[in-house]
Amino acid sequence: MSDEPDRSWTNGLSAADRVEAVALTVGKPRTANWIAEEAEVAHETATKYLTRLVDDGTLRSDTRGQQTTYEPDPVGQYLAEMRELYEEHSPDELAASLEDINEQIRTWKTKYDVETANQLRASLGRTDDVTDERNRRQAAREWDHLETRRRLVEDALRLYDRFPGERRSASA
Amino acid sequence: MNRGAENPALYRTLKDVLERQAEVTSVRFEPDAIQKRYLAAAIDSQRVVPPTGSESPQLEVHWKLTPPHDEFRIDYADPNAEFHCGWHQDDDHDDLGAAHFQYQTASMETPAYEAVVFEAASPPKLLWECCEDLFNNVIPDYTGEL
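Chains as they are written, first to last, in our numbering: chain V, 1 to 172; chain Y, 173 to 318.
Worth flagging that the hints you see were computed from the coordinates, not collected in a lab. Ideal placement from N, C-alpha and C gives every residue a C-beta, glycine not left out. Certain hints may be false.
Stated by the list, open to error - Selected chain V positions facing chain Y (Cβ under 10 Å, derived; list incomplete):
| no. | residue |
| --- | --- |
| 1 | VAL22 |
| 2 | LEU24 |
| 3 | GLU88 |
| 4 | SER97 |
| 5 | LEU146 |
| 6 | ASP155 |
| 7 | LEU159 |
| 8 | ASP161 |
| 9 | GLY165 |
Said to hold, decoys possible - Quick list of in silico lysine-lysine cross-link-like pairs, BS3-like style, CA-CA up to 25 Å:
| no. | chain 1 | residue 1 | chain 2 | residue 2 |
| --- | --- | --- | --- | --- |
| 10 | V | LYS48 | V | LYS28 |
| 11 | V | LYS28 | Y | LYS236 |
| 12 | V | LYS109 | Y | LYS187 |
| 13 | V | LYS111 | Y | LYS187 |
| 14 | Y | LYS187 | V | LYS28 |
Based on the provided sequences and hints, a complete structural model is requested.
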């Protein structure tokens, strides 16, 4: 319809935001060409913003021969997440969420009689029930995610040991 | 990123995409911003076309980066119209290809499934494409006659 507002990707986000959004969510290192095509910007525009994001530690680049690829900088992303957890949540909130995570993982261990997410994955071929298989696959996926979050929360709590009471957004 | 390490920027970027949709009033992490298991966006029932009842529809996004095909579910539910739909890329319905669209209106006993192919390859652009389709086409087409 002609009266529909233009809500396209290129109209909703600036070129810089599109390049950053695409580069921050790549599943494997990608070239500036690939990122430019997804972000719908010129190659030079993509390179300009990508270089800036590498300089500020958001992305990392790897050059082999003629080809340079980009992906999220793991240390930069870890530090951003750590800062967010530290500044936006009290130690009590972090500890309570950690307990929720542990409880959820314990529930899966008991329910499926396994010790790890990979053991749960290995059990997929042994069930004929499609719904059960789907639930197991989904649980394994969520389990991986919660293991990652658990490590981050544990690190954020250690940050409180080192810098107690220096949280900026004091909601408590 | 190291294999097996999750990218925390993924959900942060997708949250930003949802927050930019005109129909979205707020976006939160579920069950909280510490665990970040998935995203849930509250939709203004009067901003969708056609407007729906008094309860707020919800848009949920689950995503996992798993090259070559990410696993994701983008689900919309409108309790007023009893309408559900979603774009799923997972191991369900392999017969339809890597991804499928499913929907169920109040008068349908079971959901209908369709194969779907996306133009976008990256998560934020793909989510944007689905939101555009949802609000421009899907909701008017499937809830318009109510």
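Problem set entry | Hint check: 10 Å Cβ-Cβ cutoff, LEU146 (chain V) to chain Y | With a minimum Cβ separation of about 7 Å from chain Y (threshold 10 Å), the hint on LEU146 (chain V) holds.
Problem set entry | Interface restraint verdict for VAL22 (chain V) against chain Y (beta-carbon cut-off 10 Å) | holds (5 Å)
Problem set entry | Proposed proximity, LYS187 (chain Y) with LYS109 (chain V) (alpha carbon, max 25 Å) | violated (31 Å)
Exercise. For the pair supplied as a hint, LYS48 (chain V) and LYS28 (chain V), is the alpha-carbon distance within the 25 Å limit?
Worked result: This hinted pair holds, its Cα atoms lying about 20 Å apart.
Exercise. Does ASP161 (chain V) meet its interface restraint, that is, does its C-beta lie within less than 10 Å of any C-beta in chain Y?
Worked result: Interface hint status for ASP161 (chain V): violated (18 Å vs cutoff 10 Å).
Exercise. Does the interface hint hold: is SER97 (chain V) within less than 10 Å of chain Y, judged Cβ to Cβ?
Worked result: Constraint on SER97 (chain V) satisfied, holds at 4 Å.
Problem set entry | Given pair status - LYS187 (chain Y), LYS111 (chain V), alpha carbons within 25 Å | violated (32 Å)
Problem set entry | chain Y contact restraint on GLU88 (chain V) - CB to CB distance below 10 Å | holds (7 Å)
Problem set entry | Status of the hint placing LEU159 (chain V) at chain Y (closest C-beta pair under 10 Å) | Violated. Min distance 14 Å.
Problem set entry | When the least beta-carbon distance from LEU24 (chain V) to chain Y is tested against 10 Å, hint result | Constraint on LEU24 (chain V) satisfied, holds at 4 Å.
For this session: Decide if the proposed pair is consistent with the structure: LYS28 (chain V) and LYS236 (chain Y), CA atoms, cutoff 25 Å inclusive.
Result: holds (13 Å)
Problem set entry | Pair hint outcome, LYS187 (chain Y) versus LYS28 (chain V) [Cα-Cα no greater than 25 Å] | holds (21 Å)
Checked against the numbered hints given earlier, this structure breaks hints 6, 7, 8, 9, 12, 13; the rest are met.
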